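Chemist: The lines below spell out each chain.
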Amino acid sequence: MTEQIDKALAREYEAGFVSNVESETFMPGLDEDVIRRISAMKNEPEWMLEWRLSAFREWLEMDEPDWALVDYPKIDFQSISYYSAPKSMKDKPKSLDEVDPELLRTYEKLGIPLIEQQMLAGVAVDAVFDSVSVVTTFREKLEEAGVIFCSISEALHKYPDLVRKYIGSVVPKKDNYYAALNCAVFTDGSFVYIPKGTRCPMELSTYFRINEQNTGQFERTLIVADEGSHVSYLEGCTAPQRDENQLHAAVVELVALDNAEIKYSTVQNWYPGDENGKGGIYNFVTKRGICHTNAKISWTQVETGSSVTWKYPSCILKGDNSVGEFYSVALTRGRQQADTGTKMIHLGKNTKSTIISKGISAGRSNNSYRGLVRMNPGAQGARNYTQCDSLLIGDQCGAHTFPYVESRNPSAIVEHEATTSKVSDEQLFLCRQRGLDPEKAVSMIVNGFCKEVFKELPMEFAVEAGKLLEISLEGSVG
Amino acid sequence: MSNTKSLLTIKDLHASVEEKQIIKGLSLDIKPGEVHAIMGPNGAGKSTLGYVLSGRDGYHVESGSVTLNGDDLLAMETEERARAGLFLAFQYPVEIPGVSNLEFLKAAVDAQRQARGEDSITSADFLKEAKAACKQVNLPVSFLKRGVNEGFSGGEKKRNELMQMLLLKPKLCILDETDSGLDIDALQVVAEGVNSQRSDDRSFIVVTHYQRLLDYIKPDFVHVLSGGKIVKSGDASLALELEAQGYAWLQNEPAEDELEG
Ligand SMILES: Nc1ncnc2c1ncn2[C@@H]1O[C@H](COP(=O)(O)OP(=O)(O)OP(=O)(O)O)[C@@H](O)[C@H]1O
Ligand SMILES: [Mg+2]
Numbered sequence: 013m014t015e016q017i018d019k020a021l022a023r024e025y026e027a028g029f030v031s032n033v034e035s036e037t038f039m040p041g042l043d044e045d046v047i048r049r050i051s052a053m054k055n056e057p058e059w060m061l062e063w064r065l066s067a068f069r070e071w072l073e074m075d076e077p078d079w080a081l082v083d084y085p086k087i088d089f090q091s092i093s094y095y096s097a098p099k100s101m102k103d104k105p106k107s108l109d110e111v112d113p114e115l116l117r118t119y120e121k122l123g124i125p126l127i128e129q130q131m132l133a134g135v136a137v138d139a140v141f142d143s144v145s146v147v148t149t150f151r152e153k154l155e156e157a158g159v160i161f162c163s164i165s166e167a168l169h170k171y172p173d174l175v176r177k178y179i180g181s182v183v184p185k186k187d188n189y190y191a192a193l194n195c196a197v198f199t200d201g202s203f204v205y206i207p208k209g210t211r212c213p214m215e216l217s218t219y220f221r222i223n224e225q226n227t228g229q230f231e232r233t234l235i236v237a238d239e240g241s242h243v244s245y246l247e248g249c250t251a252p253q254r255d256e257n258q259l260h261a262a263v264v265e266l267v268a269l270d271n272a273e274i275k276y277s278t279v280q281n282w283y284p285g286d287e288n289g290k291g292g293i294y295n296f297v298t299k300r301g302i303c304h305t306n307a308k309i310s311w312t313q314v315e316t317g318s319s320v321t322w323k324y325p326s327c328i329l330k331g332d333n334s335v336g337e338f339y340s341v342a343l344t345r346g347r348q349q350a351d352t353g354t355k356m357i358h359l360g361k362n363t364k365s366t367i368i369s370k371g372i373s374a375g376r377s378n379n380s381y382r383g384l385v386r387m388n389p390g391a392q393g394a395r396n397y398t399q400c401d402s403l404l405i406g407d408q409c410g411a412h413t414f415p416y417v418e419s420r421n422p423s424a425i426v427e428h429e430a431t432t433s434k435v436s437d438e439q440l441f442l443c444r445q446r447g448l449d450p451e452k453a454v455s456m457i458v459n460g461f462c463k464e465v466f467k468e469l470p471m472e473f474a475v476e477a478g479k480l481l482e483i484s485l486e487g488s489v490g
Numbered sequence: 005m006s007n008t009k010s011l012l013t014i015k016d017l018h019a020s021v022e023e024k025q026i027i028k029g030l031s032l033d034i035k036p037g038e039v040h041a042i043m044g045p046n047g048a049g050k051s052t053l054g055y056v057l058s059g060r061d062g063y064h065v066e067s068g069s070v071t072l073n074g075d076d077l078l079a080m081e082t083e084e085r086a087r088a089g090l091f092l093a094f095q096y097p098v099e100i101p102g103v104s105n106l107e108f109l110k111a112a113v114d115a116q117r118q119a120r121g122e123d124s125i126t127s128a129d130f131l132k133e134a135k136a137a138c139k140q141v142n143l144p145v146s147f148l149k150r151g152v153n154e155g156f157s158g159g160e161k162k163r164n165e166l167m168q169m170l171l172l173k174p175k176l177c178i179l180d181e182t183d184s185g186l187d188i189d190a191l192q193v194v195a196e197g198v199n200s201q202r203s204d205d206r207s208f209i210v211v212t213h214y215q216r217l218l219d220y221i222k223p224d225f226v227h228v229l230s231g232g233k234i235v236k237s238g239d240a241s242l243a244l245e246l247e248a249q250g251y252a253w254l255q256n257e258p259a260e261d262e263l264e265g
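In order, the protein sequences belong to chains A and B.
All you need for this note's numbering is the position in the first sequence, starting with 1, plus 12.
All you need for this note's numbering is the position in the second sequence, starting with 1, plus 4.
Chain A on its own, in the form it takes in the complex:
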C-alpha cells in the first residue's frame, strides 16, 4: 500500500504555473535603505517609516526560533528580494478595465475570476500579486454599508488614524522573529473596517499569489470589527512551482470590539515543493485576534501547501464572555513539514474556547499540532475544549501533538482529547469493494475525518476545500 501511496502522491501542483508579467523588483538584500525605499514606493507617512525602522532594529537583535518540529536550511535574508510589483501597477489602475489582462488571466486560471459578473455572488475579493494589491472588487456595494475593504497601502492614505490606532496592537512589533521582519518590510495586504452594528453584506476575501522568483511575500492584514458588527473573511494563497524556496512571512491582526464577531477562514495552498523536498514556500505566519467583551473570533484553516508551515492563529480572550475558536485541517504529504496549532489566552471571566485540529500526514511528511491554552488568574469560570485528531496515510509519515496547558485559575476547566488513526486497509477495501477507485476512497475517508472542520467553512469554501483535499490526495493509493 505504501508504494501505491507514494506513487499516487507524486502528482503535479496545479497552481504551479508562472505568469508572464513584467515586474519591477528590488535587488535582493535587506538594510535600512531597502526599508526606506519600500516606504517611499508606497508614499507612506513618516510615522509608518519610523515604525518599520524600529521593528527592523528589533529584528536584528532577535534569533530565528528553533523550537518548532521543522527542519530547513538557514534562510539567507540577504538573498531575498523584498519588493516586487507588476510594472502595470505603477499607476495603480482605478478600475478593472485598467488592470493588465495577463494579471486577470492569472487569477482566472486559479479559479478566482476578478470580473465582477463572473465572480461568486456575494464575495468581494482583494487580489494581492507578489507585493501589491492588484484590485479590490465590489467596493461600491461595500461602501454603501460603510464597510472599508481595501489594500493596507491605500488605507494608510485614506484612513491613517484607524490604521495607526490598530496596527501592531494585537501582534506587537517584536512579538517574534518573523513578525518583526514583517513589520519592517511588509508590502501590502488587506484592511477591513466594519462599522458599529453592521453586518458585512458579503464575504470578504483576499487572494495571495507569489509570482516573482526569489521574492519574499510579507503581507499584513488588519481587520477591525467595531462594536456589535459581524464579518466573514476568507483568505486563499498559491504560488508557482519553483526549485528555490520562497519565504512568506505574513501577519494578520484581528480586533473584535465589544459584541463583534469575526470569522476568518484560510485555504492555504502555497507550492509544497516536490517529492524530494526541493522548492516550496516557507510559510511563517503570525495570526492573532483580540476579543473584547462578548466578542467572538473564529479561525478556520485548511492547510495543504507550503514546504514548511509555522503558524498558530490565536485568540486573546480579553473581554468577559468572549469566545475563541480554532478549526484546523492540516494535510502534509511528500516531504512537507507543518507545525501548526493555536494559542487561546483566557483573560476575561467566563471566556470560552474550542480547538478542533485535524492533522493528516501522508508520504514522508511530518505534521505537528502545537497548542497553548492559558487560563489567567482573572479567567473565572473559563472553559476550553480541545480535540486533536491525527490521521496517518502510509507508514513513513509522522504525527505529533504538543498540547500546553497553563491554568492559573482553579475554576477554569480545560478538556483535551486526542486520537491517532490510520486510513485502514479494511476501510479502503470496503470502499473499493463497493466500486470506488482507491483515490476516491482515500479522499472520501479523509473528508469524513475533516467533517467537523469543513462544516465551519463558508459554503463556497467548503466545496473548494473538499476539492483541494481530493486534488492533494489524488492517486494517494493505487
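Keep in mind that the hints were calculated from the coordinates and are not lab data.
Just to be clear, a hint being listed does not mean it is correct.
[Claimed, not checked] Mimicking DSSO-like on lysine-lysine, the simulated pairs with C-alpha atoms at most 30 Å apart in a straight line are:
| hint | chain 1 | residue 1 | chain 2 | residue 2 |
| --- | --- | --- | --- | --- |
| 1 | A | Lys-467 | B | Lys-161 |
| 2 | A | Lys-86 | A | Lys-290 |
| 3 | B | Lys-161 | A | Lys-463 |
| 4 | A | Lys-170 | A | Lys-153 |
| 5 | A | Lys-434 | B | Lys-24 |
| 6 | A | Lys-434 | B | Lys-161 |
| 7 | A | Lys-479 | B | Lys-132 |
| 8 | B | Lys-139 | A | Lys-463 |
| 9 | A | Lys-434 | B | Lys-35 |
[Said to hold, decoys possible] Output of the computed footprint for chain A on chain B, the stretches with three or more beta carbons under 8 Å from beta carbons of chain A:
| hint | segment |
| --- | --- |
| 10 | 60 to 66 |
| 11 | 88 to 98 |
| 12 | 115 to 124 |
What you are looking at is a predicted structure, and each value in this text was computed from that prediction instead of being measured.
Here a beta-carbon is modelled for each residue, glycine too, at the ideal position from N, C-alpha and C.
Position chain B with the ligands relative to chain A; hints supplied.
Modeler: Okay, now just chain B with the ligands, sitting in the frame of chain A:
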C-alpha cells in the same frame, strides 16, 4: 445439469494469506439465479474465499482460475470486480467515521453507473431509493445520515450491508454470515431482503453456520467447506444433516499439512 452459461466458475483455486495457504484446491460453479449455501467449521476459509474472490490486498492466488460471466475475475482490480457485479457483505463491517451512509452509497452507485457508461443518479432519485432500501431492511431513515457503520450495533451493521446490496443491485452476492448476531426478527428481515432480490440473473453465495437461515432462504445447493476445499456438496437436506451431526464425519481425511501446524 442445465446448459445455461455459468455466472461464476472457480477451478482448482489455491490461495494464501501471509504466506499461509488457506484455499487448497477449491472448485465451484454457479449459474445465474442459483443460491449456494456454504457451511463449514471455524477457520475453514469461508471468509477467505470471499476476500479472494473480491480481490482484497494481501490475498494471493497461487493457482487455479475464476471467471465471472466468462471474464477472468482474477485479472481485475477490486473495484472492477465490484463494478462487474460482485458484492461482498462483510462478516465484520468496518466503520468510516464522518462519511455519511448516503454520501458513501451514492458515490458507490455513481462509480458503478459510470463504469457502465451511465450518468450519475440525481440526488433526489437516489434519496428515494435509499429510503425505500432502509425501510426494506427495517433501519430508520436517519441511518442514511450517520457515518458508515459508525456506532451501529452488530445487527444494524448487518442490515446496513444488506441495504447496500439492495442499492447496488449486484449479479453475484456473497453474504458472509450476514445472519450471525441477528435477533429472530432481523433474521427474517434479512431473509426477506435476500428473497426479494432473487431473480434469474442474480446469484447468491450464502455463508452461514445456521441451518435456521436456510429455512427462510431456500438454497439450491449446500456445500461444506473444510480445510480450504469443498468436501461435500448436496441439496438443502445436507444442511439438516450437518445440523444434526456436525462436521466431524466429513473430516476423516485431514490434509497432511494441517497436521504439521
Ligand atoms: N491475515 C491472516 N494471517 C494469517 N492467517 C490468516 C489471516 N487471515 C485468515 N487467516 C487464517 O485463515 C484461516 C481461514 O480463515 P477464515 O476467516 O477464512 O475462516 P472462516 O471459515 O471464515 O471462519 P469463521 O467461520 O470463524 O468465520 C484461519 O485459520 C485464519 O486464522
Ligand atoms: Mg468467516
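Chemist: Decide, hint by hint, whether the structure agrees.
Modeler: Status of each hint after checking the structure:
1. For the suggested pair A:Lys-467 and B:Lys-161, the alpha carbons sit about 26 Å apart, so the restraint of at most 30 Å is met.
2. Among the hinted pairs, A:Lys-86 with A:Lys-290 is consistent with the structure: their alpha-carbon atoms are about 15 Å apart, no more than 30 Å.
3. Only pairs whose Cα atoms come within 30 Å are accepted, and B:Lys-161 paired with A:Lys-463 is accepted, the gap being roughly 22 Å.
4. Restraint check: the Cα-Cα separation between A:Lys-170 and A:Lys-153 comes to about 18 Å, which is no more than 30 Å; the hinted pair holds.
5. Between A:Lys-434 and B:Lys-24 the CA atoms are separated by roughly 26 Å; this keeps the pair inside 30 Å, and the hint holds.
6. Taking the CA atoms of A:Lys-434 and B:Lys-161, the gap is about 21 Å. The hint holds against a cut of 30 Å.
7. Using a Cα cut-off of 30 Å, the hinted pair A:Lys-479 and B:Lys-132 holds, with the two alpha carbons roughly 27 Å apart.
8. Annotation: proposed proximity of B:Lys-139 to A:Lys-463 holds, straight-line Cα distance about 27 Å (limit 30 Å).
9. Proposed proximity of A:Lys-434 and B:Lys-35 is contradicted: the alpha carbons are some 40 Å apart, above 30 Å.
10. For the segment 60 to 66 of chain B, the assignment as covered by chain A holds, since 3 residues bring a beta-carbon within under 8 Å of that chain's beta-carbons and 3 suffice.
11. Counting residues of the segment 88 to 98 of chain B whose beta-carbon sits less than 8 Å from any beta-carbon of chain A gives 5, enough to reach three: the coverage restraint holds.
12. For the segment 115 to 124 of chain B, the stated coverage by chain A holds: 3 residues have a C-beta nearer than 8 Å to a C-beta of that chain, and at least 3 were required.
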